[in-house]
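Peer 1: So you can see what is in the structure, the chains are spelled out below.
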Amino acid sequence: MTNSIDEISGADFILAIGTNTTEAHPIISLKIKKAQRQGATLVVVDPRRTELAERADQHMQLKPGSDIALLNALAQVIIAEDLWDKDFVAGRTEDFAAFKEVVAQYPPELAEQITGLPADMIREVARGYARACKATILYTMGVTQHICGTHNVLAVANLAMLCGQIGKESSGVNPLRGQNNVQGACDMGALPGVFTGYQAVTAADQRAKFAGAWRVAELPGRPGLTVGEMFDKAGTGEVRGMYIMGENPVLSDPDSNHVVHALEKLDFLVVQDIFLTETAALGDVILPAASFAEKDGTFSNTERRVQRVRKAIDPVGSAWADWQIICTIATAMGYPMQYATASDIFDEMAALTPSYGGISYARLEQGGIQWPCPHTGHPGTAYLHKDNFSRGPGKFNPVVYVPPAELPDAGYPLLLSTGRRYFHYHTGTMTRRTGALEVHYGTEYLEINQADAAALGITDGDIAQVSSRRGLVKVEARISKVVPQGLVFTSFHFPEVAINKLTNPAQDMVSKIPELKVCAVKVEKAC
Amino acid sequence: MAEITLSINNVNITVPQGTTVLEAAGQAGVFIPTFCHDPELTNFGACRMCVVEIEGLRSLSASCVTNATEGMVVHTDSPAVQEARKTILELLLANHPLDCLTCGRSGDCRLQDYAYLYGVKTGSFEGERHSYPLEDDNPFIVRDLNKCILCGKCVRACAEIQGNSILDFAYRGFDVKVAPAMDVSLKASDCVFCGNCVAMCPVGALQEKGLRSAAPTWEVRKVKTTCPYCGTGCSFELNVKGNKVVGVTSCDGDVNGRTLCVKGRFGYGFIHHPDRLTTPLIKKNGVFKEASWEEAIKLVAQKLGRIKAKHSSDALAVLSSARCTNEENYLLQKFTRAVLGTNNIDHCARL
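Chains as they are written, first to last, in our numbering: chain P, 1 to 527; chain D, 1001 to 1351.
Don't take every hint at face value.
[As the list claims (entries may be wrong)] Covered stretches of chain D (chain P as the covering partner; in silico rule of three or more C-beta atoms under 8 Å from a C-beta of chain P):
1) 1030 to 1043
2) 1051 to 1061
[What the hints assert, rightly or not] Cross-link-like lysine-lysine pairs, in silico, DSSO-like; alpha carbons within 27 Å at most:
3) Lys1244/D / Lys311/P
4) Lys1298/D / Lys1283/D
5) Lys311/P / Lys1283/D
6) Lys265/P / Lys1303/D
[Unchecked claim] Sample of chain P residues lacking proximity to chain D, with all beta carbon distances greater than 12 Å (derived):
7) Thr93
8) Met230
9) Ala234
10) His258
11) Ala293
FYI, nobody ran anything at the bench for these hints, they're computed from the structure.
Here a beta-carbon is modelled for each residue, glycine too, at the ideal position from N, C-alpha and C.
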């Protein structure tokens, strides 16, 4: 997030795109509701009529995957009606001319054909966003999990720069991240191309810095494989061994059957987890890890706030904290790795990571700190890009609309989208074992529009067989006004409804994110 | 902003105009008991527990809804104030089940605290008593309306913080109770079980089902930590008895204040679930067998080392975790790059 969570309540215009905030980020939705109580305008862009959409001043129920057409049309209106922030564009950005030329090709009438949204609605929202004092854009996977996910984000950034709605309090571009420490895992360099703090592995000076600190002769300089590529290469035998810590790709990744085949083909798979997940079941060795309650550490949240995780109890059974397991394996492989406390690890990391450089456990006792925090006297950074962008001037990257990789056709006439439910989390490994959440919400269902259900002879409570070119699941159908005709939706929380057997692994070329929000399916009444 | 000076218990204090007497007292370090007031909610002025004596005024004033004015002379603990508060407590206790011996909120209850403070043992009034059935048909929250003092904090928390307005006052007079629309149970309503009403309840009317049946409040140790679910980063306190997490309660989080969602507040049961892996396992002939740590670590080191030697570093790949700590992610990428010698490390950031 460029801004802080609390700043959302200070915005006077909120454009929420592809975020089911009340279910996936309930506490952030409280800030949106607060802003609304204080008079803010809420516009929700979502193919589904979610609770947030119900609460919105304007629900832009667009066709899945048509975001760029909408975002470009918003920019087109803003330029055509002379509502853009000329000072900001002149002083803080570059390549505006190229952007202007591309978005000029997206008048609202064209966008109406692509998105299904009335041209006048697009004009009204464009004016509202451009004229607001503090407009903020919130988005999640509804924007990113498309083959054009990166371009969707660029279109969002273009719009914010065009209106100068970034780099100030309560106004910016705010992806709401879905996992407790997904921000931290990225910050820590658990990515194929970067060390901590996004320092590139391709840069010789960075490699030399880390090699020196880690006391090794050299470090590999070629970026590694992304998740999807790992499974592809495991399938072809190029990857022989995998070490998986606290992830369950068999349920979470697209085209599950492909993932299972790839993992089965490995010579060796070690899985470190707190439960025997669907992924762990395929392992050769399973290492029992401590849960968050059983260890010290830090998480970094979606607003870049580093906060303490504190050990409350000893690990259950003979589980170990993940960091202790890693240290022991490294040592057994001839690389002595020893730390007395989690704090010592943090200090080593912070010394190598400029954005975390001023943070320490001692400071975190006083409360969380938002990076960048370059030195010990620095208070942390509530919002980014105040005076300039990381690269200097903000670059307009014009993008064009491309349709999703797989659209409904005669054989697979409906469109499937997936996401989360309020009462559950990710692959359900934890939330289905709480003695409470799964008692209240024990089975998953498929949202289907009444018109589609009627055409298929499906009534509420029937078991539907949903299939795509990649797999099939059976799931209870629930007739719902949340989804429009032509769209069905369910979550990926339940192994009984392993919906990722169906989803399309087609990826965004840049970020390698799979297009989990759109695939073509066939729904039938199960016998 | 204009400032005014008033006297509280014979000490002068200057506060911005618009400050309530209760807030001014707080700034002066003077304690005033309250049931229905909360700084995050609108002022309600219902319970009258916060009454104070203001010179020149005929009757006692509820300090939470009385603005301080220039030259105001306030007494927060005069005999008249004490008498009024005792009477309020006696009235509340006249219709309160005095089952503090087994109440899950005993030790964490304002009614109990103030009864102790003012020496009120039982209600001095006799009369009709409520006898509502206990509502415990959901796995999260127990509602015992017999213990409700009608402070309305739950109503305001649901409307003003959660924004859902599930609860409101229903009926009239003695029959007034807090209820969802049509007086159905929470389970039958649109309640999302965030429990933010429970966190506000000053008595035992709303209780966390698991926590309050697991341990008396004084046996519980609280450890502040960060929620393991979504990326919002809410703070809460793990409630620990012995070596067992028995519940979650709100604390003052940087991000969330006292609010939590159903997963954060009630989703802790996985920690002690019998399915937890408690020992290393090694697959032999397709079946997992329990193993010692020494055995498992040795095997992992050997196998990874062998693949690296026989094929190449890039024949190894590592998935780190968005669920683990920064320290662990740092170490795993260090291990992958420095020990395995590959950049094949990623995690589920895209999912």
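Peer 1: Now look at each hint and say whether the structure bears it out.
Peer 2: Do the hints match the structure? See the list:
no. : hint                  : in the structure
1   : 1030 to 1043          : violated (count 0)
2   : 1051 to 1061          : violated (count 0)
3   : Lys1244/D / Lys311/P  : 12 Å, holds
4   : Lys1298/D / Lys1283/D : 14 Å, holds
5   : Lys311/P / Lys1283/D  : 31 Å, violated
6   : Lys265/P / Lys1303/D  : 15 Å, holds
7   : Thr93                 : 27 Å, holds
8   : Met230                : 4 Å, violated
9   : Ala234                : 7 Å, violated
10  : His258                : 15 Å, holds
11  : Ala293                : 5 Å, violated
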